[in-house]
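> Read off the chains here:
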Amino acid sequence: MSVEERRARTRGARARFPQFVVLRRVAGETSRGALIWGAVFGLVVVSSARGFVSTYTTVAARQRAAATLGTNKGLQALFGAPHHIATVGGWTAWRSLGLVALIGAVWALLTATKQVRGEEDAGRWELLLAGQTTRRRAAGQAVAGLALGLGVLWVVTAAITVAVGRANDTRFSFSAGLYLALALVSSPAMFLAVGALASQLAGTRRQAAGLAAGVLGAAFVVRLAANSASGLRWARWLSPLGWVDELRPLTGTRPVALIPVLAFVLALGGTAAYLAGRRDLGASILPDRSGARAHTRLLGSPLGLSVRLTRNVAISWAVGLGAFGLIMGLVAKSAGESLSRETLKQLGAPHGGALGYLGVAFIIVAALLALAAAGQVTATRDEEGEGHLDNLLVRPVARLPWLAGRFLVATVMLLILGLVIGVFAWAGAATQQSDISLGRILVAGVAVIPAAVFVLGLGTLTQGILPRYAGALAYGIVAWSFLVQLIGSAINANSWLLDLSVFHHLAPAPAADPNWTSAAALATLGISAAALGALTFTRRDLAAT
Amino acid sequence: MGVAICTEGLSKRYGDLLALAPLDLEVAEGEVLGYLGPNGAGKTTTIRLLLGLVQPTAGRAEIFGLDVQRDAVAAHRRLAYVPGEATLWPALTGAETLHLLGRVQGRVDEGYRDELIGRFEFDSSRKVRAYSKGNRQKLLLIAALMCRPDLLVLDEPTSGLDPLMEQAFRQSVFEAKRAGQTVLLSSHILSEVEALCDRVAILRSGRLIDSGTLAEMRHLSALSVEATFDATPPDVSHVPGVTKVEVEGNQLRCQVQGPVEPLLKRLSAVGVTQLLSREPSLEELFLAHYGAESNRRTAEAAHVG
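Heads up: the sequence lines are chains X and P, in that order.
Here the working numbering runs 1136 ahead of the position in the first sequence, where the first position is 1.
Here the working numbering runs 127 ahead of the position in the second sequence, where the first position is 1.
Covered stretches of chain P, as calculated for chain X (at least 3 residues, CB under 8 Å):
1) 176-187
2) 190-203
3) 209-217
4) 227-235
No lab work stands behind these hints: they were computed from the structure.
Keep in mind that this is a model prediction, so the values were computed, not measured.
C-beta atoms are modelled at their ideal positions from N, C-alpha and C, and glycine is treated no differently.
Generate the whole structure from the sequences, applying the supplied hints.
Here is the structure:
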């Protein structure tokens, strides 16, 4: 369908139901995301169930896993209290609910603030509200659109959970499958409502997302406290995430916990629509912070600007990777003990135990760091493509120092992230009395950085030669390498296939000593590629996106 | 007087598209040059070549005697540029952006900066993402003017400004002119160019088709004459130099090129009650150039058909 046709169709639809255009737009966009995320939620269930069945084949192994992982205080604090985790159902519910409640909440609050506040900020509502739609009706429609998207999310998730229940070795009923899907989408439902309400309170999309993320953080901390101290068990009823745990799918369902969930969603969604009618378009109920005070400390040079533009991204990554490292450390001991040496060996670790588990986990860390590097490639390329760079290059700034500065800032960010992961993983492991030295784990954090520098360098080279493909190539290398790593270890692939993965050239530190030779080779290749890219960059036309 | 901008056979080709045919252009120091042409004529391409943002297919350009490719940084110390499409870092505030751009440029007249902020009624405390197109444009104008550069390169700088701010802009360019700064003003707002520029260069489909002072260009083109009679106007269509004759009741409108004496003789032979004549506006000059082209095309099409 051509652009013209699509426009004509949209015009036609708008002409027929002009009053529902917001609803249609929000429902459409949310549903598209929900299709993907419903599938992701379903896959989490599938992988939890399949993983349990294939890893713990005997009843004895299952009992042992339940005994070690089920009593791990750190895991309980993060994922909630386990129930009957020696059974497939109990294990699946515990693992998938703990994970999806968090991922789903983040998806939901980002989606709601984008659809409600982002659309308003972009000025799209201004056009609509010039017609017959009122603000309150528009906000009501947006909330209804989010609800429709949520419906899609539940249907997709349920289709997969029901299918999982049909399998011979998992086996649970049709209605239990539906209820599991309901429990999985209950956290997204609540945080869609939080996002919609935050969009009315805050003045910009970013501020709204921050506010909603704050609510999620508070809910998480309250549940963390309730799950880690036995005297605070009652406090789990104070946190929306606690209600999700109390739904207990597949292990003696407790539909009574749906009452607070439903009340929360209705109250927040209704308040959002009500508040929308009481304020001006583009205005906020909380004081507006878009007129921030000038902070000019870093803004004296192009390099300072690069630091300033990267700072927030770097902080977000540090928080995310720090949390990841902490969880990794917390579970290292229990996981290392419950997984058999054969399983770990197949995944690439030379021996079992906490170190073996961490050696495997650091491959994922390497992939995450490489993702951060790919993000920097895209950011640098967008700086050029969106025309922001023009403002520097028409002034006395040369291209080579600018690009070199960007590369340097990104590399320093990767180095800091590697150290952050190491520190937090060590801290997590230390609370579980795993006997791992800080030095050893820090070295493991540093040893994965060359793979990320390699991605950064090839991305920079591409920006020099084929600027429009720089981001795609960088993300492509990461995705390809991770896929090869995943498939390769499962099917014992030929070594030439594995050689094509960047991560394959890293030794599984801290389980083994880092392979400094290949690390140095990766870093050198990355830096050389970047230098070549920088040279071509100085000799070509600037290219818009 | 020195030369601010000088191009020799400067050209740019994108694949099959000739964005700029070999261009020889010279702008003297202290001169204000209007660079005219419809959308897609090659104005922005010329400017991006002059700034070294794109590489020429052939030819070269100098700014104050500095090669725009080899000595870009040195050349950029002496110029400031305002693009037509203002794209800035959305997360910075107006004040932060001004601070950064001033520091990068290396020199700022702070008193003048504050005066400009007042003149353009610019609120510098907000984030760039909250600014309208007009406000972003003001921000870049202030950033360029506050450095008092020797050369101002302005690419349709007023496309987002309201009429009041357009006045503020003209005042600022007058000040620059008085201070001896050179200005290259690319525009398709002809009244703006007419008010500000000493000289104009007209570009069409990548080719420079005319350049000169406004007086020179007017001299070459026709004078508009409007006459009212107490009876039916005489037939003037055979008078030498007269074109575009229109008769409406007792009124006659026509254009005359070259000496006006033959036309005056013919008119005074009949009873003229009112006679108006004026020089062509830039708009008419502009349309004459483009009109000729489109007439020729129509004629060709008719011939082929």
